[in-house]
Amino acid sequence: MKKRIIVIIVTVITLLTIGSYLISERLNAYQDIEEVIEQEFRTLRQYVEDVYAIEYLDDDRALVFYSWDFPAYYNFGVMELEKTWRGWQFVEAISNRMERKTAWVKGTYAEITDRVILRGPVSGNAEEIVIITDDGREYRPEIGRAEWQMWYLILEDEPFEEATFILYDSDGEVLREEVLQFDLNWPE
Amino acid sequence: MNLSLKYKVLMIFMLLVFIGVFLYYYGAKVRQEEADAEALRDYSYIVREYALDAVYKSKENPVEVELYPSAYTEAILERWKAISDRYPEFEYPEAAIEEGDWFKVNRVIKDAEMLKDTVDKMYEDATVEFEGLKGSFTTLLDYIFYQKYEPSNIEDILIDLGFESPREEE
Chain A
1 MKKRIIVIIV TVITLLTIGS YLISERLNAY QDIEEVIEQE FRTLRQYVED VYAIEYLDDD
61 RALVFYSWDF PAYYNFGVME LEKTWRGWQF VEAISNRMER KTAWVKGTYA EITDRVILRG
121 PVSGNAEEIV IITDDGREYR PEIGRAEWQM WYLILEDEPF EEATFILYDS DGEVLREEVL
181 QFDLNWPE
Chain B
1 MNLSLKYKVL MIFMLLVFIG VFLYYYGAKV RQEEADAEAL RDYSYIVREY ALDAVYKSKE
61 NPVEVELYPS AYTEAILERW KAISDRYPEF EYPEAAIEEG DWFKVNRVIK DAEMLKDTVD
121 KMYEDATVEF EGLKGSFTTL LDYIFYQKYE PSNIEDILID LGFESPREEE
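Protein chains in written order, with the numbering used here: chain A, 1 to 188; chain B, 1 to 170.
Quick caveat, the hints were computed from the structure, so don't treat them as lab data.
Please read all numbers here as calculations on a predicted model, not as lab measurements.
Careful: at least some of the hints might be erroneous.
[Said to hold, decoys possible] Distance condition first, Cα-Cα at most 35 Å in a straight line; then the derived DSBU-like pairs of lysine-lysine: (1) Lys101(A) with Lys116(B); (2) Lys2(A) with Lys116(B); (3) Lys148(B) with Lys121(B); (4) Lys110(B) with Lys134(B); (5) Lys101(A) with Lys6(B).
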């Protein structure tokens with residue numbers, strides 16, 4: 001009799017565990033990352049925001065590039081989200097003030113968890129950017145379009161302090177060449 | 001089942017204890033969430049107002065946000081310092097700025113009387129003629145934070161007193 005009760009209890013607990021795991025998996029699979037991002041903006045009180053791009057580092061990690069604040073959207077943010085058993089969760093966010101005004105391109109260096117990220121606003125006429133470092137490395141950063149245009153580069157090798165940015169228009173003509181400096185010690 | 005009265009009372013007592021503990025923790029959680037939301041609201045305000053860079057390390061229990069001045073913050077502080085150099089009663093919170101305590105910095109400048117007295121003195125000291133109404137205490141806030149001239153006659157006053165360089169002739 002006693003043995004039977006124990007068997008029943010164990011079975012019920014096992015079934016409940018498996019059931020709730022499957023349900024949470026199902027819910028997570030259908031969870032809309034854009035809704036999560038909206039919710040995080042509300043939590044951080046970063047209102048009037050605009051998302052430029054969502055980059056998936058792998059299946060469970062995503063970087064969101066955005067800018068916020070009325071009226072100029074000059075606070076450029078990057079937010080890392082991680083997928084856990086509770087769904088997408090906030091990890092860290094960095095906000096940098098960059099007023100584009102008349103500048104062609106601006107940029108800033110930041111480390112978010114274990115990634116190095118360079119990003120900043122760029123003129124709306126620029127269709128493509130080529131970055132050339134002093135030691136001859138060449139990068140083509142992504143460009144996200146929303147309220148402004150924002151370029152970003154998730155760097156996987158050595159960071160650089162200075163680089164030439166060549167901006168191209170939609171016809172492939174050079175619009176502008178600018179040298180940008182990055183403070184690798186930011187935020188100290 | 002036939003339970004004794006003693007047993008029933010004990011059961012009810014235990015149940016009440018459970019509910020009490022649950023309500024206590026739930027209340028504490030709600031209060032914590034409210035406190036976190038308020039802290040994040042304050043950070044959002046100060047980041048916008050002082051054009052700060054920010055690293056949001058944690059958004060709950062406890063909220064952890066690191067603030068750093070940007071180049072635009074420096075410009076705001078320069079305007080503030082220049083006015084304070086000429087009008088020492090217009091306090092410039094050097095120590096709080098060094099410490100990076102932006103909430104303390106903000107409390108200093110929100111002194112309406114200090115703002116009004118300084119702006120009145122500026123109108124008195126200026127040697128240029130001006131039209132329209134004199135500025136109020138918000139005039140200096142608009143100038144320091146946004147470099148906005150409201151009312152517009154303050155621009156001439158600031159140029160005359162040497163805070164701003166003269167407008168280029170078109």
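Hint-by-hint comparison with the structure:
At most 35 Å may separate the alpha-carbon atoms for a hinted pair to count; Lys101(A) and Lys116(B) meet this at roughly 31 Å. Annotation: proposed proximity of Lys2(A) to Lys116(B) is violated, straight-line Cα distance about 83 Å (limit 35 Å). Distance restraint check for Lys148(B) and Lys121(B): the Cα-Cα separation of roughly 19 Å lies within the 35 Å cut-off, and the hinted pair is therefore satisfied. Distance hint between Lys110(B) and Lys134(B) is fulfilled; the C-alpha atoms sit about 19 Å from each other, no more than 35 Å.
Between the alpha carbons of Lys101(A) and Lys6(B) the distance comes to roughly 78 Å, so the proposed pair goes past 35 Å and is violated.
The structure does not agree with the numbered hints 2, 5 stated previously, though it agrees with the rest.
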